Structure formats: structure tokens, C-alpha cells
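Undergrad: Sequence:
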Amino acid sequence: LHILEGVCLKYRYKLKKSHLQARNIENRKKLRFTLLKLPVLIIFFPVATVGLFLNTLAFFSPVLIRKALKVEFVGFYSSIQFAIGLISFPLFYSLQTALIATLFSLNALQIATLIVAHLATGYIAIKWHSLLKSIIAELTYYFMPDLKRRSLREIRARIHSISLKNFTYNQP
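Numbering (my numbering), first residue to last: 1 to 172.
Derived by calculation from the structure, the hints in this document are not laboratory data.
This one's a predicted model, so the numbers in the text were calculated from it and none came from an experiment.
Every residue gets a Cβ at the ideal spot worked out from N, C-alpha and C, and that includes glycine.
Treat the hints loosely; a few may be bogus.
Label-pair ranges, simulated between beta-carbon atoms [as the list claims (entries may be wrong)]:
id: 1; residue 1: Ser105; residue 2: Arg149; range: 26 to 32 Å
id: 2; residue 1: Glu154; residue 2: Val74; range: 27 to 33 Å
id: 3; residue 1: Ile111; residue 2: Ile80; range: 30 to 36 Å
id: 4; residue 1: Lys30; residue 2: Ser78; range: 33 to 39 Å
id: 5; residue 1: Ile159; residue 2: Ala68; range: 36 to 42 Å
id: 6; residue 1: Val47; residue 2: Ile159; range: 37 to 43 Å
id: 7; residue 1: Leu86; residue 2: Val47; range: 24 to 30 Å
In silico DSS-like pairs for lysine-lysine, Cα to Cα no more than 27 Å straight-line [to be verified]:
id: 8; residue 1: Lys133; residue 2: Lys16
id: 9; residue 1: Lys67; residue 2: Lys127
id: 10; residue 1: Lys37; residue 2: Lys16
id: 11; residue 1: Lys148; residue 2: Lys14
id: 12; residue 1: Lys14; residue 2: Lys29
id: 13; residue 1: Lys67; residue 2: Lys17
Work the whole structure out from these sequences, hints included.
TA: Below you can see the structure in the form of C-alpha cells.
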């Protein structure tokens, strides 16, 4: 198990250094499939920008508050951020909606539309950012020198072989 742990640490270090995730090594896609995603990224850029603008405080406040609280145990990050988000999302959406409604003298239908816009554009912004990261990682892996790519694949194969050897159970 110590050998497996060492190999996994090396693999994670190399992935992090290369700004990749394991799925980029395991699911090698052809360049044309990656390039087909670019028009989607370009088309949804304006909506994602609006979504980021409308949702910046709601999206980033849980992380900033968690950091301000100086939570030390990494395992609690998501739980604390979720709890903070349960309070901060409605709070920021309400304040922002009230501010925009007051500044632009919106009627009830426009306010309802704004609330839906907050949620919809926020969702699109998150998906857009995820797609952007995916495309960057796929292009990074595609244009990575062959030696580095081969090294990552070999480490991944070694992890797999050690796992199979050590964790294969004999059936009675």
C-alpha cells in the first residue's frame, strides 16, 4: 500500500503541475471534439458574463466567509460553505433585486423576471466556466510534449496494475 500511495502522490503532483485532472488522461479525446465545443463557449460568453456579474457576491461570499473564519480542517470546507450559502444566496439575491428594482423602478413582473435571470444566468455562468476549464485542460493535454504525456499515462497504468495486484480478492 505504501508503494501505491507514493505512486498516487507522484501522479497527483504531476497532474496538478500540468493543470490537468485524471479524466484528461483517461478519456483522451480527439482535438476535433474539443474544437467543436468552442462555438458553444463563444455563443454563451455574453450570458455567462451577465451571470457572473449578477451572481458574484452570492457565488464567492461563502468561500470568502469560510476563509475569514479560518476553518482549518479541509473536510469541513464544503459543509461550512453550504451552510453559509443557505444564508448568503437568498440574502444577496434579495438585496441585489431590491437595489436594481429601486434604481430602475421595476414592476412586479420585471422583478420576477430578474429573480429568474439571477438563477438562470448563474447556472449558465457555472456551466460555461466548467466548459472553459475542460477545453483548456484538453488542449493542454493535447499540446503537451509526448514525453510528458507518456509519463502520465505510464504512472496511471502503474497505479492501475498495483491496485489490481493488491486488491484482487480470491473467490471461494
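Undergrad: Hint by hint, say whether it matches the structure.
TA: Evaluation of the provided hints:
1. Between Ser105 and Arg149 the C-beta distance comes to about 58 Å, which lies outside the given range of 26 to 32 Å.
2. In this structure the hint that Glu154 and Val74 lie 27 to 33 Å apart at CB holds, the actual value being about 30 Å.
3. Take Ile111 and Ile80: their Cβ atoms lie about 31 Å apart, and the range 30 to 36 Å holds.
4. A hinted range of 33 to 39 Å for the beta carbons of Lys30 and Ser78 is consistent with their spacing of about 34 Å.
5. The hinted range of 36 to 42 Å is satisfied by Ile159 and Ala68, whose Cβ atoms lie roughly 38 Å apart.
6. The hinted window of 37 to 43 Å between Val47 and Ile159 holds, with their beta carbons roughly 40 Å apart.
7. The beta-carbon spacing between Leu86 and Val47, approximately 26 Å, falls within the hinted interval of 24 to 30 Å.
8. Annotation: proposed proximity of Lys133 to Lys16 holds, straight-line Cα distance about 14 Å (limit 27 Å).
9. A threshold of 27 Å between alpha carbons decides the hint, and for Lys67 with Lys127 the separation of about 25 Å falls inside it, so the pair holds.
10. For the suggested pair Lys37 and Lys16, the alpha carbons sit about 24 Å apart, so the restraint of at most 27 Å is met.
11. Our distance criterion of 27 Å between C-alpha atoms is met by Lys148 and Lys14, whose separation comes to about 9 Å.
12. With a CA separation close to 20 Å, the supplied pair Lys14 and Lys29 stays within the 27 Å bound.
13. The suggested pairing of Lys67 with Lys17 holds, with an alpha-carbon distance near 24 Å, which does not exceed 27 Å.
In this structure, the one hint that does not hold is number 1.
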